[in-house]
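Peer 1: With chain A's structure known, arrange chain B on it following the hints.
Protein chains: 2
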Amino acid sequence: MRTDAVRDIIADWRVFATTHAIRHLTVAPGRVDAAWSDGRISPFHADWLRDNCPCADCVQRLTREQMFEIADAPTDLAVAGAVLDGNGDLNVRWSDGHDSRYGAGWLRASAYDEASRAERRMADAPLLWQAGAPVPRFPYGRLMADDGALHGWLVTLRDRGLVLVDGVPTTPDTVATLARRIAFVRETNFGVIFDVASKPKPDSAAYTAVNLPPHTDLPTRELQPGLQFLHCLVNEATGGESIFVDGFAIADALAREHPADFALLTTVPVAFWNKDDRTDYRFSAPVIALDPVTAKVAELRCANFLRGPLDAPAEVVAPFYRAYRRYQAMTRDPRFRVVHRLEAGEMWVFDNRRVLHARTEFDPASGARHLQGCYVDRDELLSRIRVLARGGPAGDA
Amino acid sequence: MRTDAVRDIIADWRVFATTHAIRHLTVAPGRVDAAWSDGRISPFHADWLRDNCPCADCVQRLTREQMFEIADAPTDLAVAGAVLDGNGDLNVRWSDGHDSRYGAGWLRASAYDEASRAERRMADAPLLWQAGAPVPRFPYGRLMADDGALHGWLVTLRDRGLVLVDGVPTTPDTVATLARRIAFVRETNFGVIFDVASKPKPDSAAYTAVNLPPHTDLPTRELQPGLQFLHCLVNEATGGESIFVDGFAIADALAREHPADFALLTTVPVAFWNKDDRTDYRFSAPVIALDPVTAKVAELRCANFLRGPLDAPAEVVAPFYRAYRRYQAMTRDPRFRVVHRLEAGEMWVFDNRRVLHARTEFDPASGARHLQGCYVDRDELLSRIRVLARGGPAGDA
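From first to last, the protein sequence lines are chains A and B.
Those letters in the first sequence? Residues 1 to 397, by this note's numbering.
Those letters in the second sequence? Residues 398 to 794, by this note's numbering.
Source of the hints: derived by calculation from the structure; they are not laboratory data.
Treat the hints with care, as some may be off.
Stated by the list, open to error - What follows is a set of in silico ranges between Cβ atoms, one per label pair, in the way DEER data are often shown:
| # | chain 1 | residue 1 | chain 2 | residue 2 | range |
| --- | --- | --- | --- | --- | --- |
| 1 | A | Arg61 | B | Gly636 | 52 to 60 Å |
| 2 | A | Arg61 | B | Glu654 | 36 to 44 Å |
| 3 | A | Glu361 | B | Arg517 | 36 to 44 Å |
| 4 | A | Gly30 | B | Asp730 | 22 to 30 Å |
| 5 | B | Gly636 | A | Gly30 | 35 to 43 Å |
| 6 | A | Asp291 | B | Ala542 | 43 to 51 Å |
| 7 | A | Glu241 | B | Glu712 | 49 to 57 Å |
| 8 | B | Ala692 | A | Thr170 | 49 to 57 Å |
| 9 | A | Asp252 | B | Ala692 | 27 to 35 Å |
| 10 | A | Gly132 | B | Val552 | 50 to 58 Å |
| 11 | A | Ala133 | B | Ala542 | 50 to 58 Å |
| 12 | A | Arg120 | B | Arg653 | 31 to 39 Å |
| 13 | B | Thr574 | A | Asp277 | 40 to 48 Å |
| 14 | A | Asp277 | B | Arg539 | 44 to 52 Å |
All residues carry an ideal CB built from backbone N, CA and C; glycine is no exception.
Chain A on its own, in the form it takes in the complex:
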C-alpha cells in the first residue's frame, strides 16, 4: 500500500496509507469537495486547506511544526485551481500564487464530513465491567523486555481501566521502574513514590489502618492523576483487601436507572479539600464529568473523606443530597465490586479517574504491610500508545 510519508508530506510523524482514492473534485473559490471511491463526499474549505499546507515553507522540517499563520493569508484568499495529480493527491493553486499538495490518505484521515467524524468518534469506547469480571494479568518481565507486550498492556489499561501485574521484584522503587516504561512519573505533595503503610502521624487516611471507602486519589486537584500504580512489597497483616469498582459502569447504571440524579451529579460542583499543616488544596467539580463534545462520561471524582461543604443554590441542596446518597450507595454495591488481596510481588495499575478503589481495614499489629505507589498522567499513557503504534520507542526505564 502506498503511503504519503514517502513523499513531501511532513506535517505529522504518522504515516497515512491511501485507503480510498479521490474520484472527483468539485472546485469553488471557497471550497473543494472531494468525492471518494466509496461514495463519501468530503468538503474542504479554503482556509482549512491553506492552514494545513504541508510544504517546506509552511512546516518546519525538523520539528514538523507549522510556521505559516493563517492570519497572514489574504482575507480574500481563494482557490484559483484544484486538480488531482498522477498520485491521486490534491494539488491546489491559491489566488496569491502559493501552491499546496495534500496526500489522499491524509485528507481521508482528516476529513470532517459527518460520516468521517462519526467514524473517528466510534474508535475508542471503554469496556465496562462489574462484579465477577476477571482482571487481566500481565507478567512484569515481558512488559519490561518487549515493546509489543507493553503496547498491548497499555491498550488494555486504557480500555478496561484495571489490570494486575505479577512477578514484580519486591525491591523498593520498582513501581517507578515499570511506570517509566510509559513516561516520567507525576510528582505530588506526597512525593514521586509514596509509601502506603500505617504511620504514627498520618496526613491522609491512606496512611492509617482504617477502612478506606471507594475513592479516586487527589480529587482535590484540578487534574486528578491518570494512572495509579500500587506495588505490594510485603503483606503479612490480617485484612487490607483491595476493592475496585468501575466508575463508568456505575455512571452508566445511574444514568439509566435514575436519570434525574445523574443530571445533578454531572452538573453540581462538589468541593474537595485536602488540608494539612503544609498544604491546602481545594477544587470543585461535579462528581461525574461529561466530555463537553461527546457528552460521554469522561471522569469520576470521588472521596467522601475529602469533601468540603456543598456550595450550591439553596433549592438544589436537598435534591443533590438524594442523588449523592444514591451514588454513594452504588459505589458500595456488591454488584460492581472486584475484590482481591494483593500479595507481595503483585501490582495494581488502574485508571484513577475512572476506577474507584477501596481498602478494608487491616490490623497493623498482625504483621507487616508495605505498598508503594506512583502516578502517571493520561496524556503520557495516550502519547506512549501512539508512539508505540507507529514503531517508536518506549519510555526510558
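Peer 2: Only chain B this time, still in chain A's reference frame:
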C-alpha cells in the same frame, strides 16, 4: 475576636472568626434557617448539616478528614431540635440521637444563601492589563528569605499573571530553587528544568533561533502548566526580546467587540499536537475556556505552531476561521503588548494559562543566549497562598 478554632471545630485548618451573630433560628424537620445580626437569612438543610458535623466521631482528629458518610444516615433523618448555645453556636439534636455543634463563624463562611454565594464569587477577580502597563518587580533575595514577601508576590502573580524577579544569581538551576518556595516542580517530557538555547537538532521551535509567535506552553496537554518560570543566565545575542500579552484582556475585548467570534472560540475544540520521535501528545479544547460555573474566562490555549487540523462540523469551519483569524490578529496587536529584553539575573514568572508569551528572532552567531525554565501548577500556587495566609510554611527550597 472570638474564633471557632479554640473549641472543638476540627473539620478545617483555617480559623473562622465570628464576624456576625445568629439572632434567631427557624427550625423545621428538614431545615434550619439562621437569621444573622445584619439581617441576612441563611438556610441550612438537614443533610447538609449532618454531612458537615465536626464532632470527633465524624471527623478524624489527626487528618481532619470526614469519617462519617451521609449514606449511613437514616433516609428519614430529621432535625429533632436546634438551639443557640451560650457561645452563639448552633446545636442540633438529630432524630437518630446524634448531636452536632456548628460554630457561628464557620456557618457564616459556609452559608449558601444567594447573598453569601455572591460575596464569595466576587472575592478574586483578575486585574487585566494592556500595553504600557508596568510589570511588578520583586527582588529574589526577599522572596527567598521572607514568607510575607513570598505571599505578596504570589498574590500579585495570581491576580496579574506576570511579574519580573530581579537580582537572581546566574547559577544554573536557580530557577527551580525559587519555584520550590511554592512547591515541587511539574515535570514534563522536556524535563524538570528545561534549557532554552538554540540546538542543532531541535524538537520544538523554542529550541531554534526563530521568532516565536504569542503562545501558551504545552497546549497539547489536558492541563497546561500553570506558572512558567524563565530565568536568564546569559543574553549577549542580538534580538530575542520577550513579548507578553494578557490573554484575559484579549478575550475581554473580543467578547465586547466581536461576540459571535467569542462564542465560537469558547465552544469549538481546536486540536493541539506535539509530535516528535519519542512523544505524541494530542489534546483538543476551545482556545478560550470558560469556567463552567461562573462563565468567566478561565484559560487560554494557544500555539499556532502546534495545531492539528480542525475537526468541526462542515458548516462551522468557515465561521470558525473568521473568528480564529481575528483572535490571532489580536494576539499580535500592539495595544496589548508588553515588551522587554530579559537580561542576565532577571526572571519572568507568568500564568501560562492566561498570559501569551512570544520571542523575537535572535542571531545565535552574535553572542551566547541561555535561559532556563520550569513549571509549577495552579493547584500548588493556590495551595501555597492559602497556607501562607493561615501562617503556615513556604515550600522547601
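Peer 1: When the structure is checked against the list of hints, which entries are broken? Sort them ascending.
Peer 2: 1, 13, 14
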